[in-house]
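Asks: For the protein sequence lines, the chains are S and F, in the order given. Each residue of the first sequence is one higher than the one before, starting from 1 at the first, in the numbering used here. Each residue of the second sequence is one higher than the one before, starting from 316 at the first, in the numbering used here.
Because the hints were derived from the structure by calculation, they are not lab data. Just so you know, even glycine gets a beta-carbon here, dropped at the ideal spot from N, CA and C. Check each hint, because a few of them may be wrong.
To be verified - Which residues of chain F face chain S? A few of them, derived with a C-beta cut under 10 Å, are:
id, residue
1, Ala459
2, Leu547
3, Gly557
4, Leu560
5, Met567
6, Pro571
Here is what each chain is made of, one letter per residue.
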Amino acid sequence: MLSYIARRLAIAIPTLILVSIFVFVLQKLLPGDPALVLAGEERDPEMLAFIREKYRLNDPILYQYFYWVKAMLQGDLGISLRTSQPVTELIADKLPVTIQLAVMAMVIALVIGIPAGILSAVRKGTAVDYAANFIALSGLSIPNFWLGIMLIMLVSVHLGWLPASGYESPFVDPLRSLQTMIMPAFVLGTALAATLMRHTRSAMLGVMKADYVRTARAKGLLEGAVILKHAFRNALLPIVTLGALLFGELLAGAVLTEQIFTIPGFGKLIVDAVFTRDYAVVQGVVLCTAVGFIFMNLVADVLYFLLNPRMRSSL
Amino acid sequence: MSDMTASAEAEIRLENRAWKKLKANRSALFGFVLVAFFIVIATAAPILPIDDPTATSWSAVRKAPSAAHWLGTDEIGRDILSRMIWGARASLMAGVISVLIAVFVGVPFGLVSGYFGGWTDQAISRVTDALLATPFLILAIALAAFLGPSLTNAMIAIGLSAMPIFIRLTRGQVLAVKTEDYVEGARAIGLSHVAIMSRYILPNVFAPVLVQATLTVATAIIAEASLSFLGLGQQPPAPSWGSMLNVAKNFMTQAPWMAWWPGAAIFLVVLGFNLLGDGLRDALDPRES
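The whole structure should be built from the sequences, with the hints applied where relevant.
Replies: Here you go:
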């Protein structure tokens, strides 16, 4: 088990190195003198000299990369030009908000997507199946920022049921936190629910034809037991791994959702940073997202390994 | 010679069967109609009898849909219908051009990676993994931020973000066909690598790439709308559905129609490409009877 994880980690290392090169190169795409761009409005020669020194802009590019990576490994992602706070601190502040949003969205997606997928597979070719497929495809096609705006208009403006924006920590006021996050989580979870539904349906259709399902039926088991205990448990494998992979996607989807509902999370941080030309923050967020994504890939691999007895026995 | 004739006939039979299957698929046809509708509207925009999409009118600020303005007007009195039609050009162009960038860069890399294998494959695959490790929208936002906000840069950013999918897909297809007898045969008669790849391998890659490209256009349209919504795509006063929604979110109570139409248009065109892509996949899949 440990050797399997170690092997997966070894594969992830070159990917991480390349990601760090991409993120470093992003800075080099900036037109003109990077020191001037990084300094923002500041034109003080001392400040410019400090930036050139800090980012080693006078050194060859390979040295610059080396020192950048060295600082990064020590947890130094630079200083935000806008707030003068360390980028690591800013990210650590905002990340829990986005993780809360992503976890709630994932729960909503699982609650909607998996039962809909099972139902659609069990009732293949019926009106239920067509309706579930059409709704899933619509869920994939609807831009989540538009869905957010429409829901705010309906639920907050017309019905006055939920707040249109804002954020409250669940540790301070759990009820208020739920009220502010449920609508954004639903918006973020919709596309995910659609993806999960389609995959659950396809995985279920695959296993429903298997011999062991036929045997379970021949033994006289109730249809519900056949579907849930025999078919679904085997169909779960690709769904769980997909869920872990999609969790990374949720971090990206949160960018728009947080913007619409004015949630002070990770996504809003990158958008605000883009407009204030706070490049260190943009780089930091991209790097953290990529590392998170690689980590979730690793989790997906390990889950696949743990859930698949054939892989365990092959070791 | 007779082998070649037989293979050409088989290809024609496959094309005919795929076309028949596509025509019989009502969802795919509905998708095709939706896509065709928006393409016609976008293409005909300059000759349609509509208002100038950038012309403002202070006497018609935030007017609800009426006979004079079928879809209403926006916060500075511009006709929404006209902006929707011109916005369709930006959305469709962004969707198609960014996917063309992804295909024209991604497919050759995938071909080379799968065909040559070894270190070349390792290098290209690791770069692809790294690109895939950064979610599509985050990468597009970062690129748009560093390249500067404009529709062209948004298209480049979306194209580069979508490229790894085509590298992986092409590589997988090449690995599946490069050991086939006809490829071995082509190698045995001394054809160059470029000739083998272009004449014998590339045609096998075409169908899955076409399906993926259709589905990716849908994703790219949403990505462009998302970037424009964030202010990183089409810049004002030029119309785009995403930027229209960006403004509309500030007038949700006073002028809700400003948000209805652009979102509905994005939904319909993306649904169209998704239905068409799904239909193409079913039609071109030889396993589907």
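Asks: Next step is simple, just say for each hint if it's right about the structure.
Replies: Right, here's what the structure says about each hint:
1. Ala459: holds (8 Å)
2. Leu547: holds (7 Å)
3. Gly557: holds (8 Å)
4. Leu560: This hint holds: F:Leu560 lies near chain S, its Cβ roughly 6 Å from the closest one there, short of 10 Å.
5. Met567: Hint on F:Met567: holds, closest Cβ of chain S at ~5 Å, below 10 Å.
6. Pro571: holds (6 Å)
Checked against the numbered hints given earlier, this structure breaks none of them.
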